[in-house]
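Protein chains in written order, with our numbering: chain D, 1 to 113; chain Z, 114 to 227.
In case anyone wonders, no lab produced these hints; they're calculated from the structure.
A hint or two may mislead.
Part of the chain D face toward chain Z, derived, beta carbon under 8 Å [stated by the list, open to error]:
id, residue
1, Gly42
2, Thr47
3, Ser92
4, Phe103
5, Gly106
6, Ser110
The calculated lysine-lysine pairs, modelled on DSS-like cross-linking and capped at a C-alpha distance of 27 Å, are [stated by the list, open to error]:
id, chain 1, residue 1, chain 2, residue 2
7, D, Lys105, D, Lys68
8, D, Lys108, Z, Lys122
9, Z, Lys127, Z, Lys184
10, Z, Lys184, Z, Lys122
11, D, Lys56, D, Lys70
12, D, Lys105, Z, Lys184
13, D, Lys105, Z, Lys170
14, D, Lys108, D, Lys70
15, D, Lys70, Z, Lys122
16, D, Lys67, D, Lys112
17, D, Lys36, D, Lys112
18, D, Lys112, D, Lys70
19, D, Lys36, D, Lys56
20, D, Lys36, Z, Lys127
Glycine is no exception: its CB is placed at the ideal position from the N, C-alpha and C atoms.
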Amino acid sequence: GEDVEQSLFLSVREGDSSVINCTYTDSSSTYLYWYKQEPGAGLQLLTYIFSNMDMKQDQRLTVLLNKKDKHLSLRIADTQTGDSAIYFCAESKYGGSQGNLIFGKGTKLSVKP
Amino acid sequence: NAGVTQTPKFQVLKTGQSMTLQCAQDMNHNSMYWYRQDPGMGLRLIYYSASEGTTDKGEVPNGYNVSRLNKREFSLRLESAAPSQTSVYFCASSSGTSEDNEQFFGPGTRLTVL
């Protein structure tokens, strides 16, 4: 079956690193995503990783993928108050027109000054 | 480019009333999606349209119908609203051809059914 799990809350201090974790169950997933939702807004893609990669870095964001444990993490370096949002992990088996996403419930990140 | 737009932004209905949520995208995307977001539940797919002229059920289709009017527009209809349909509804689109399948989301419609 397909299920994506995340912890619901994370609180960090400004300037610290944040690590948001996600586990998924479908080993055939080809793409894994991190989306960000700011209050009152829709979701915005932050980054994604293809299943044949272990790590992807994009400025302050680092994504780590452990396929053996079906574990995905998002690290935000030097976390700022503007990073406060809900972060969703999502998986997709297919690209292109068959690319339905399965979302986790979201992790609410609170950044304290 | 406006991206994905949704109307209305807010709506209050009485039980049994009907309404249509509108969604349009100007990115020439093939695929479009309707999700609902409920507290503690994440996003759940209601219906999707892989390409113009096709629609398919998602995880929670009961109580909803959709129409892919043309390539730009994908509407969601509630024929007889129920309090359980109180939620925030998001429309999304994706190119349907790119490998990464990035989905672009609208700002959402907050629906309350009394």
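Hints versus structure:
A least Cβ separation of about 3 Å between Gly42(D) and chain Z falls short of the 8 Å threshold, and the interface hint therefore holds. This hint is violated: Thr47(D) has a C-beta 10 Å from the nearest C-beta of chain Z, more than the 8 Å allowed. The interface hint given for Ser92(D) holds, since its Cβ lies 6 Å from the closest Cβ of chain Z, which is under the 8 Å cut-off. Among the interface hints, the one on Phe103(D) holds; its C-beta lies about 4 Å from the nearest C-beta in chain Z, closer than the 8 Å criterion.
With 8 Å as the threshold, the beta carbon of Gly106(D) comes within range of chain Z, its nearest partner Cβ sitting at about 6 Å, so the hint holds. Taking 8 Å as the C-beta cut-off, the interface hint given for Ser110(D) is violated, the closest approach to chain Z being about 16 Å. The suggested pairing of Lys105(D) with Lys68(D) holds, with an alpha-carbon distance near 22 Å, which does not exceed 27 Å. Using a Cα cut-off of 27 Å, the hinted pair Lys108(D) and Lys122(Z) holds, with the two alpha carbons roughly 23 Å apart.
At roughly 32 Å between alpha-carbon atoms, Lys127(Z) and Lys184(Z) are farther apart than 27 Å, so this suggested pair is violated. With a CA separation close to 22 Å, the supplied pair Lys184(Z) and Lys122(Z) stays within the 27 Å bound. A threshold of 27 Å between alpha carbons decides the hint, and for Lys56(D) with Lys70(D) the separation of about 16 Å falls inside it, so the pair holds. Pair hint Lys105(D) plus Lys184(Z) does not hold up; C-alpha atoms about 30 Å apart against a cutoff of 27 Å.
Proposed proximity of Lys105(D) and Lys170(Z) is supported: the alpha carbons are some 21 Å apart, at most 27 Å. With a CA separation close to 21 Å, the supplied pair Lys108(D) and Lys70(D) stays within the 27 Å bound. At most 27 Å may separate the alpha-carbon atoms for a hinted pair to count; Lys70(D) and Lys122(Z) exceed this at roughly 37 Å. Taking the CA atoms of Lys67(D) and Lys112(D), the gap is near 33 Å; set against the 27 Å cutoff, the hint is violated.
Distance check on the hinted pair: Lys36(D) and Lys112(D) sit about 18 Å apart at the alpha-carbon level, within 27 Å; holds. Simply put, Lys112(D) and Lys70(D) have alpha-carbon atoms about 30 Å apart, too far for the 27 Å limit, and the pair is violated. At most 27 Å may separate the alpha-carbon atoms for a hinted pair to count; Lys36(D) and Lys56(D) meet this at roughly 17 Å. Of the supplied pair hints, the one linking Lys36(D) and Lys127(Z) is violated, its CA atoms being roughly 32 Å apart against a limit of 27 Å.
Hint compliance for this structure: hints 2, 6, 9, 12, 15, 16, 18, 20 are broken, all remaining hints hold.
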